Amino acid sequence: MEDEVVIASSSLEAGIGCWDLRSGAEHLRYRSCASPPHGLVSVAGRFLASSQLRDSSSSSGSVLFWSWNKPQVEVKSFPAEAINPLACNTDGTYIVGGGVSGHIYLWEVATGRLLKKWHGHYRPVTCLVFSNDQSLLISGSEDGTVRVWSLLMIFDEEGQQRAGHLYEYSFTGHALPVTDIVTGYGGSNAIILSASLDRTCKVWSLARGTLLRNIVFPSIIDAVALDPGEHVFYAGGRDGKIYIAELNAQTTSNNNNNNNNYGLHIIGTLSDQSKAICSLGFALDGFQLVVGSEDGMVRVWDTKTRNIIRVFKHAKGPVNNIVVMRQPAALYPRTAGNNNNNNNQGPMARRHVALPPPLEKYSSIDEHSELNAFITPRSNSYDVTSYTTLQSMNNQINELQQHGSSGASEMELERLKLDCKRSMQMVQQWKKMYQNLNQFCVGELLNGEADETNLML
Amino acid sequence: MAAFDHVQNMYDVSLKPRLLRSFIKELIPDEKQQLGNPLELSQVVSAIKTHGLLSERVAQTDDNKKLIEKWKSAVDLWVDRVLMLVSSNMPDKCWAGICLLGVTFEECSSERFLASYSVWFQKLLSHLQPPAESHFVKVSCCVSISDLLTRLSGFPNMKKDGTSHAAKVVHPVLKLIQEDSSDAEGAVGLLCTILNFFPSSLQKNYDSAEAAIVTKLIYGKCNPNMLKKLALCLSLLPKSKGDEDTWSLMIQKILIAINILLNDSFQGLEEESKTSETMRALVPPGKDPPAPLGGLTVFDLSNKSTERLSITNISTLLLCCSTMLTTSYPVRVKVPIKPLLMVVGRILNVDGSLPQTMYPTLTAMQQEHICIQLPVLHSYSLQILCDVIKEAHSQLLPHTAHTIRLVTEYLRTCELPELRVKLYGLIKMMLMSMGVGMTIYLAEDVISSASIDLDSNHGGEEAQPMNKKRKHENAISFLENQSQMVYSSKNHVPISVKIAALGALETLLTVGGALRSESWRSDVDQLLITVATDACKNGWAKEANDVYTPSWGDFQLASLRALLASLLSPGRFRPAYLAQGLELFRGGMQETGTKVAEFCAHALLSLEVLIHPRALPLIDIGSSVEYPVNVNGMKDKFMKSNIYSSVVQKSNLVTVTGGTSRNEAESEEDDLYEKWVKDGENEMEKNTTENVVSVEAPMNVAEDKGKGILVETQADEETDRYALKNMETEVEVVVAKGVSGGGAANDVVGRRFETVGGSEGGGEFVFALGDNDNEDAAMDEIPDIVDVEPDSDEE
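Residue numbers (my numbering), protein chains in the order written: chain P, 9 to 465; chain F, 32 to 826.
The set of hints was computed from the structure by calculation and includes no laboratory data. Keep in mind it's a predicted model, so treat the numbers as computed, not measured. Each residue gets a CB set at the ideal place from its N, CA and C atoms; glycine is no exception. Just so you know, nobody snuck in bad clues.
Straight-line C-alpha distance at most 35 Å; calculated DSBU-like pairs for lysine-lysine:
1) F:103 x F:80
2) P:78 x F:272
3) F:421 x P:84
4) P:324 x P:84
5) F:318 x P:84
6) P:125 x F:369
7) F:626 x F:453
8) F:199 x F:259
9) F:96 x F:56
10) F:421 x F:369
11) F:103 x F:154
12) F:365 x P:84
13) F:365 x P:124
14) F:252 x P:429
15) F:305 x P:125
Example chain F residues on the side facing chain P (calculated, C-beta under 8 Å, incomplete):
16) 361
17) 431
18) 471
Let the sequences and hints guide you as you build the complete structure.
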């Protein structure tokens with residue numbers, strides 16, 4: 009099984025913690041990061057990026073990049089305004105940020121250029137998520153709306169004019185700011201799950217653009233996570249409980265004995281009497297739920313047995329971002345226990361990956377600027393080295409055989425004979441013509457002379 | 032050797048040296064002998080390869096010592112003999128020696144190779160410098176050296192040696208390429224090998240190599256195979272410097288050359304503005320254009336060639352572009368997407384027609400020439416589009432709108448089958464790479480053009496089954512039919528195009544069948560079932576042996592694939608043609624041993640999930656630990672009885688006697704069970720007698736609450752809904768609204784289904800419905816289980 013790491017950041021300046029999910033060993037702690045909710049992303053496993061909480065006095069925002077093997081901030085960018093949520097597509101080609109003014113920014117990672125900026129919401133953007141196939145972007149805002157954008161449309165000015173508006177859908181069901189959004193599987197038939205300060209979670213259908221289900225919780229929900237089978241979802245409440253709400257679940261006995269006072273569609277909770285839940289994330293196996301809490305702890309629940317199986321201590325402040333991902337090759341494991349793992353990755357693990365340039369503050373794109381794509385080198389390890397002598401030899405033998413066959417040479421001989429005959433005829437013809445010409449000229453000359461002599465006389 | 036010294040069997044290692052010796056003795060000529068039939072050589076080589084006669088691979092034990100010695104001396108003898116042949120004066124013997132040496136490079140042991148490769152290399156080099164007389168000798172020499180370098184590249188610590196050796200051949204190889212002869216074939220192959228494995232050996236000769244390759248490409252009059260090799264060579268050339276700029280410069284040069292040639296060829300066929308526009312994208316204003324490709328000036332490129340030739344050159348250069356995009360390069364490179372798209376757009380825009388606004392400046396003959404060559408250019412341009420999409424992937428986003436416009440416009444005008452096939456392939460790729468967002472854009476165009484391509488299916492020679500109908504039909508109407516058919520077969524579309532169109536529709540449904548599809552979904556579904564039924568109604572075609580030309584069987588397979596996508600693609604209703612589809616797949620599965628059968632089995636498996644929807648619980652229910660766990664063991668029992676009782680309930684109700692489940696349930700003797708059963712019976716009584724919506728069964732209400740499949744409810748749904756209302760919604764959701772009369776009974780059926788569906792995979796539901804239908808006369812139709820009416824609780 010591949011190693012997974014849990015990455016967590018907090019709104020207080022406590023850095024970014026990074027742990028091995030299986031062994032519990034802590035890797036590097038990346039310094040000086042105070043992130044807003046949904047402000048921490050791993051850019052295609054190449055490096056970490058996080059937007060930063062700034063004091064209100066500064067006019068520009070701040071987005072920082074860390075490479076995996078250095079604790080210090082490596083690249084600092086200062087966008088035009090404070091950025092809250094960050095998102096990145098799985099290829100790691102674009103970073104999208106949501107500003108406090110409601111604008112959404114789209115940067116090209118390789119060059120740092122600001123490719124697009126558009127007005128997405130009337131109030132600050134709170135969350136940004138890419139759809140599964142990376143062609144749609146879903147944003148949530150403090151104004152309570154959830155909007156679905158087609159990235160193709162964002163870049164197609166002609167199409168925008170035809171459509172009249174930029175978004176594909178605008179869901180206006182929430183009365184208060186949206187706190188979290190996740191999307192499910194199923195491509196065009198996926199569901200979008202949004203949580204809000206209005207104590208509800210709403211399930212939207214991407215295919216139809218309608219509300220499928222509304223679930224009212226006893227507490228404000230700050231984070232949601234979707235069970236990989238979309239059987240239930242987990243909603244982390246401010247009261248410290250993680251509510252389990254059903255999507256496709258079969259109802260269990262809870263509803264029969266009147267123990268369940270939580271409300272419709274809620275079938276249970278995970279709770280250990282801790283403080284408010286700030287962030288949730290699923291491990292790749294789909295069973296381990298990683299929970300960031302206000303008390304600065306990161307707990308790992310096993311959703312099958314509903315027990316806590318591991319606790320990481322992050323900081324004093326609330327853990328408002330959790331990312332669970334495969335251990336990136338560039339992450340150098342510090343602990344001795346991971347030595348074998350280190351050997352597996354060989355030189356790759358130690359190679360320093362150069363980070364891209366900072367993100368632009370204002371767009372430098374005009375009609376003349378080139379928008380290029382980059383082809384990254386692929387490993388040649390799957391290529392099979394091929395030897396060619398045998399094939400070439402057989403071809404030549406074939407050729408030899410063909411030339412040697414009597415039929416072919418007979419034909420060739422016939423052709424040559426005919427050629428020869430034709431040439432001979434030509435020669436004869438030319439000869440004849442030459443003779444004629446000669447005769448004619450001689451005749452002319454003689455005649456001419458005769459004429460001249462006649463004239464003379 | 033003793034006459035009766037038998038070996039164990041054909042795997043015996045001691046056989047190998049003996050075989051090798053006898054080959055050398057019998058089939059390989061020595062100084063005095065003549066070379067026999069060359070076919071014998073190929074027999075020797077194939078025996079060497081099958082038996083590994085040169086590998087010298089023996090376990091190093093004491094017993095084997097003698098054998099090792101024996102084998103070693105045999106291989107020594109082989110090498111001596113081959114080298115003798117290589118240095119022979121006779122060209123045929125020399126040729127044979129070179130070929131056998133080439134095989135030796137591949138087959139011999141690593142130790143032997145490392146020990147003597149540089150001697151072998153010198154031997155071969157002597158035939159290239161100065162070049163040998165014989166064509167065969169030169170070619171096979173290049174090929175053998177190429178194999179030597181390939182083998183050498185397998186040893187990581189030999190990089191330096193390899194580079195220095197490769198550098199020695201560069202000059203003679205370039206000379207061979209420059210000479211206008213057919214020797215270049217081997218030389219180009221060797222150059223590719225050098226560029227692949229030891230690129231830095233070409234660093235010093237970069238410019239001359241570029242010039243040699245380009246000259247050969249443009250003036251060489253090469254066959255297509257050779258052109259491909261040369262294009263590969265040119266695209267590998269930047270590797271010798273190995274930096275980003277070299278690559279970018281190369282592709283820029285190629286694009287400029289294409290553009291210049293296009294200016295020439297397309298004069299009078301397109302507006303002048305296009306020309307300068309593309310040039311501006313290639314060379315930004317204020318920047319100096321790079322040195323021309325291969326040192327050939329504009330004058331060289333355009334004036335030396337006739338019209339026909341210049342268009343051939345364009346396609347060659349387009350091939351180079353596409354090869355450059357697809358060959359891997361050691362560093363990250365920048366692809367000039369915009370100029371590429373503009374060049375492609377420029378070519379695809381020209382269809383040979385004269386623009387009406389312009390006074391014709393070219394003769395009919397020139398137009399003819401261009402029209403002959405245009406399809407090739409279009410084909411290469413589409414290939415470049417494919418490569419761009421493949422390589423750039425998500426980075427294409429800023430250019431996608433441009434690409435889409437190019438493709439949709441071309442889709443409307445393109446008529447040649449070959450190009451349409453390619454275009455559909457391209458569309459498929461676009462849909463796959465850019466997902467849902469792309470379907471919104473492309474759906475309309477793809478469907479309309481695919482419908483046209485597939486529609487002619489009714490006409491043409493495929494319409495055989497008419498004969499069967501004749502008996503039942505009026506003769507006149509039959510004749511009419513036929514005449515119509517003859518008419519419609521005029522726009523006969525080749526099978527390959529239809530297969531491609533089906534592929535595009537399949538991808539469309541796969542990627543975005545649910546989003547904004549209301550307007551076209553039903554039409555497409557109908558089209559696909561019609562096509563599939565028509566394709567398969569005359570039985571199953573035999574599988575063709577020919578891989579290249581698509582057969583009727585391929586068409587059947589494609590139609591079934593598209594049909595499966597149409598059935599599986601998410602929709603709001605049960606797929607209208609589910610039954611017909613299942614029938615087709617069942618039929619296809621009988622054709623054991625064919626691809627169709629394989630696919631139909633897969634289709635039936637996938638459709639099973641559609642028929643028995645699963646919402647499997649996270650954990651095995653028997654071992655589940657529920658919240659909160661209060662009483663030891665009690666819980667487990669309760670769970671079980673709950674599930675079983677629900678099954679029993681159903682069987683009570685509809686008398687589908689699930690005997691086993693009932694027995695099991697009974698073995699689980701328990702108050703709860705009794706209660707459940709009683710409850711169910713009670714309810715049934717109520718239902719049948721009073722025929723009203725039962726709300727009094729609190730247990731059932733609770734059970735149903737929030738069950739199962741996620742369905743649409745009102746957007747303005749009140750947050751504090753009562754249990755009753757909820758139950759109604761849930762039930763309505765499952766049972767079709769249209770079913771009148773048996774309201775309560777339906778209710779029960781609906782709920783039972785859910786219970787069973789949740790716990791048992793819904794296996795019995797079909798029976799449940801059917802049986803109930805028979806029993807309950809009030810129910811006049813089978814409720815549509817998938818039809819969801821969100822507004823139902825407003826009534």
